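Working from the sequences, and respecting the hints, build out all of it.
Single-letter residue listing:
There are 2 protein chains.
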Amino acid sequence: MSDNLQGAELLQFLQEHSPEEIKAALNNIHPADILDALEDYQGDAISLLSSLPNDVLASIIEEAEEEDKGELFDLFPINQKKEIISEMASDELVDLLETIDPDEATDLIESLDEEDAQDVKELMQYDSDTAGGIMATEFMAIQDDMTVRQILEYLQRHGDEAESLSYLYVLDASENLKGVVSLRDIVVNSFTATVTPLINPNVISVHPDLDQEEVARTFKKYGFASIPVVNDSNQMLGIITADDVLDIVVDESTEDIEKMAALAHNEGEYLETGVFGLARQRIFWLLFLMLSATFTGYIIQDFGEMLAGMVILTAFIPMLMNTGGNAGSQSAVLVIRGMALGEIAIKDYFTVVFKEIRVSLIVGLALAAVNFLRIWIFNSDPLLALTVSLALCFTIIISKAVGCTLPIIAHRFRIDPAIMAAPIITTIVDALSLIVYFNLAKAFYIRG
Amino acid sequence: MSDNLQGAELLQFLQEHSPEEIKAALNNIHPADILDALEDYQGDAISLLSSLPNDVLASIIEEAEEEDKGELFDLFPINQKKEIISEMASDELVDLLETIDPDEATDLIESLDEEDAQDVKELMQYDSDTAGGIMATEFMAIQDDMTVRQILEYLQRHGDEAESLSYLYVLDASENLKGVVSLRDIVVNSFTATVTPLINPNVISVHPDLDQEEVARTFKKYGFASIPVVNDSNQMLGIITADDVLDIVVDESTEDIEKMAALAHNEGEYLETGVFGLARQRIFWLLFLMLSATFTGYIIQDFGEMLAGMVILTAFIPMLMNTGGNAGSQSAVLVIRGMALGEIAIKDYFTVVFKEIRVSLIVGLALAAVNFLRIWIFNSDPLLALTVSLALCFTIIISKAVGCTLPIIAHRFRIDPAIMAAPIITTIVDALSLIVYFNLAKAFYIRG
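First to last, the protein sequences are chains H and L.
Sequential numbering from 2 applies to the first sequence in my numbering.
Sequential numbering from 2 applies to the second sequence in my numbering.
A few of these clues could be false.
Because identical chains cannot be distinguished in the list, a pair is counted as satisfied if it fits within a single copy or across any two copies.
As the list claims (entries may be wrong) - Derived EDC-like pairs: lysine to aspartate or glutamate, alpha-carbon spacing no greater than 20 Å straight-line:
hint, residue 1, residue 2
1, Lys348, Asp108
2, Lys24, Glu123
3, Lys260, Glu63
4, Lys222, Asp252
5, Lys222, Glu10
6, Lys221, Asp210
7, Lys222, Glu253
8, Lys443, Glu214
9, Lys260, Asp45
10, Lys222, Asp244
By construction, these hints were calculated from the structure, which means they are not laboratory data.
Being a predicted model, the structure only gives us computed values, none of them experimental.
Here is the structure:
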């Protein structure tokens with residue numbers, strides 16, 4: 002990082018300078034840094050914020066994490082709230098309004114000018130995880146026969162109104178999207194050039210109902226700075242900008258990782274979440290999995306007599322269960338991530354299972370061989386070595402088949418595949434691997 | 002997605018039209034879509050590509066996944082290769098050169114004009130996971146006293162040379178970075194305005210040695226379209242653009258998820274990786290964890306006599322081991338992700354452990370209570386219920402303490418914390434939980 006005003010230095014600056022001096026410097030301080038300084042500030046937040054103009058306060062609230070927006074906003078009296086929201090971009094305003102009291106939100110929307118209020122009401126109709134839920138309505142439209150100079154003059158008058166100027170859009174009379182041109186293409190062409198040949202009529206756009214993960218994939222594929230959102234009749238509704246997408250990608254990955262580790266989703270950073278919040282995030286899945294594991298206990302009880310006579314058989318239970326769990330979760334995680342990145346679809350199911358069975362044969366035979374040698378050498382009991390190794394090989398094949406199947410089934414039934422990761426698969430595989438193991442032992446070892 | 006030319010339609014277009022017609026249409030077709038069409042194409046790739054101009058071929062290679070770039074590039078004769086690389090951005094060219102034969106890479110670099118060759122050689126010095134390894138050297142510098150009109154005229158002549166025009170940079174005579182101005186601020190101001198008041202001297206920049214994960218966090222925090230890279234003496238070296246960062250975030254998350262599931266990293270998508278490649282990705286960790294699990298077996302053998310007399314004790318082993326593993330991996334994953342996102346640092350260790358112990362008390366007591374009732378009701382043996390539930394509570398506390406400790410220790414010793422997720426923690430926790438359980442059983446249950 003460089004010598005820009007951050008952290009303690011920024012805090013000191015905000016405390017020691019007059020509102021006028023602060024205002025003069027504010028253009029060059031990023032609101033994310035003010036927000037950071039605020040988090041470290043021990044005193045009353047409002048005393049630090051009171052000297053800031055409303056547009057800067059709007060940016061600071063925009064930068065705040067979802068769960069902090071409402072709290073920050075509530076520091077201000079209702080009249081100032083109305084002024085702050087009038088400075089916010091539509092997508093950010095909707096995010097804020099969704100976190101506060103619905104009655105207050107309705108009041109605040111009424112205070113906006115009619116067009117903005119209409120935009121916000123429409124945006125609030127969309128599911129917050131869809132393209133419609135993350136788009137902003139402030140985009141820049143141009144005529145398809147303007148010259149570069151005319152466009153620049155138009156931007157000088159109206160450019161401030163748009164969320165992003167990276168792309169300018171050409172619409173017809175019914176607001177249908179006809180083409181797009183990048184600001185870059187505008188500024189590298191001479192003032193007298195007309196925009197017509199620069200316009201790309203093959204616009205890549207997304208539908209407002211598209212899931213935000215798919216939106217992120219579209220951004221990743223094309224590398225655009227923003228993407229237009231159009232409805233079924235190709236009418237342009239808004240734009241989504243790349244900076245919002247970066248947040249989405251990080252959040253979605255975090256949610257997937259949490260689900261894979263049997264954690265309920267928790268807004269908010271670890272260090273800022275209370276002990277009861279953290280416990281709540283974990284207890285349901287632990288209870289569910291603990292009770293599921295009782296089935297494995299019943300299987301052991303069923304074979305109790307055999308195990309009582311042969312405690313050496315018990316000694317291999319943890320190794321079999323763990324290897325099965327690990328083998329299964331490897332497959333599950335590869336499939337879950339592949340689906341999250343759009344690399345694996347439901348139609349690929351048979352390809353995946355066929356692949357996993359071949360992989361599990363290679364892996365299973367390799368591990369069984371090592372395991373056979375180990376038991377033979379250390380226990381001098383080739384029959385025991387054979388029994389355990391056969392069970393191991395079957396366990397790995399079953400685990401990988403289950404591991405790749407469950408996430409795809411979940412996806413088919415519109416359940417998040419990430420739920421079907423290590424913990425659930427381990428529980429299922431434990432039971433299956435013990436059944437295989439005990440039956441093999443009964444057939445080969447006890448008899449032998 | 003919209004009606005733009007993609008997939009089968011695009012493929013048909015490329016096959017059925019003359020090179021001239023294709024060239025005329027190419028400006029409006031995204032290279033990522035050509036690449037997609039190419040992947041679905043059954044015929045000879047070169048026959049489809051031969052009609053495309055070198056700058057488009059350069060873009061297609063830029064869009065290709067790391068592991069496919071070299072193969073695609075190798076379709077062309079050496080003379081065309083030289084022309085293709087002269088069309089590539091420096092950061093993309095370096096990515097390509099790092100995947101091909103080093104001797105050929107050296108030859109190709111020599112064919113570039115002197116300045117470009119120098120840039121590429123310098124970029125290749127940086128570790129590919131650092132800011133220096135992902136930056137491009139083509140940025141746009143301006144004078145701090147130009148008017149908007151002068152800047153626009155300058156961009157008309159030179160704008161094509163830059164990787165991004167989102168920001169223009171002000172450098173002094175020694176190429177030190179003095180300020181930044183966004184293209185947006187340029188175009189919304191009148192032609193006669195001077196740029197001086199628009200320049201932000203508090204530039205947020207990154208050092209070339211900064212890890213790419215940290216670079217991604219800087220982008221996430223500020224939401225910029227690009228960030229300048231400066232060395233220790235504040236000399237400007239290049240820029241990193243947001244579209245590259247989106248790829249990094251996705252790749253880093255995928256790598257972390259793979260590590261957490263005991264998978265070695267594998268370039269390339271699941272469906273495109275062969276069976277042996279997939280097996281290789283899994284076998285090391287499975288073997289390592291299988292052999293580690295033998296310790297748990299020894300513990301069981303040690304308590305063999307007790308278990309032979311009381312098979313009911315064996316029946317609770319899977320439940321205890323699973324719950325311990327799940328509880329531990331919950332903590333580990335929260336800490337691993339928190340560190341990956343920069344929310345948890347090594348200095349927070351004691352805060353984290355203290356928090357985890359309190360959380361584990363709440364969770365442990367809740368689960369133990371449910372478990373106690375379950376065993377009491379179904380086994381009518383309150384002493385057994387007490388023994389197992391006590392062991393469960395201790396197991397959860399130990400698991401969570403181990404789960405949050407190992408990733409932080411790993412991080413301290415510059416090992417990737419993601420390695421310390423579910424599988425390793427499960428193996429350690431299994432052994433610990435059985436020791437606690439068997440000793441409790443010996444002390445309370447067998448005696449009683």
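* Pop the pair Lys260 and Asp45 into one bin, within, between, both or neither, using alpha-carbon distances up to 20 Å. => Answer is neither: 37 Å inside a copy and 43 Å across each miss the 20 Å cutoff.
* Checking Lys24 and Glu123: alpha-carbon separation at most 20 Å within a copy, between copies, both or neither? -> For Lys24 and Glu123, the Cα distance exceeds 20 Å both inside one copy (34 Å) and across copies (42 Å).
* Under a CA distance limit of 20 Å, which applies to Lys222 and Asp252: within one copy, between copies, both, or neither? -> both (19 Å within a copy, 13 Å between copies)
* To do: Evaluate Lys222 and Glu10 at a C-alpha cut-off of 20 Å and name the case that applies: within, between, both or neither.
  => Between copies, since 18 Å is at most 20 Å while 40 Å is not.
* Asked: Is the C-alpha distance from Lys443 to Glu214 at most 20 Å within one copy, between copies, in both cases, or in neither?
  -> neither (50 Å within a copy, 53 Å between copies)
* How would you classify Lys222 and Glu253 at a CA-CA limit of 20 Å: within, between, both, or neither? -> Both: 17 Å inside a chain and 17 Å across chains, each within 20 Å.
* Asked: What label fits Lys260 with Glu63 when the C-alpha limit is 20 Å: within, between, both, or neither?
  -> neither (28 Å within a copy, 34 Å between copies)
* At most 20 Å between C-alpha atoms: does Lys221 with Asp210 qualify within a copy, between copies, both, or neither? -> within (19 Å within a copy, 25 Å between copies)
* How do Lys348 and Asp108 come out at 20 Å by Cα distance, when the copy is not named: within, between, both, or neither? -> neither (48 Å within a copy, 45 Å between copies)
* Asked: Between copies, within a copy, both or neither: which fits Lys222 and Asp244 at Cα up to 20 Å?
  -> Both ways: Lys222 and Asp244 sit 15 Å apart in one copy and 9 Å across, limit 20 Å.
Consistency with the previously given hints fails for numbers 1, 2, 3, 8 and 9, ordered from lowest to highest.
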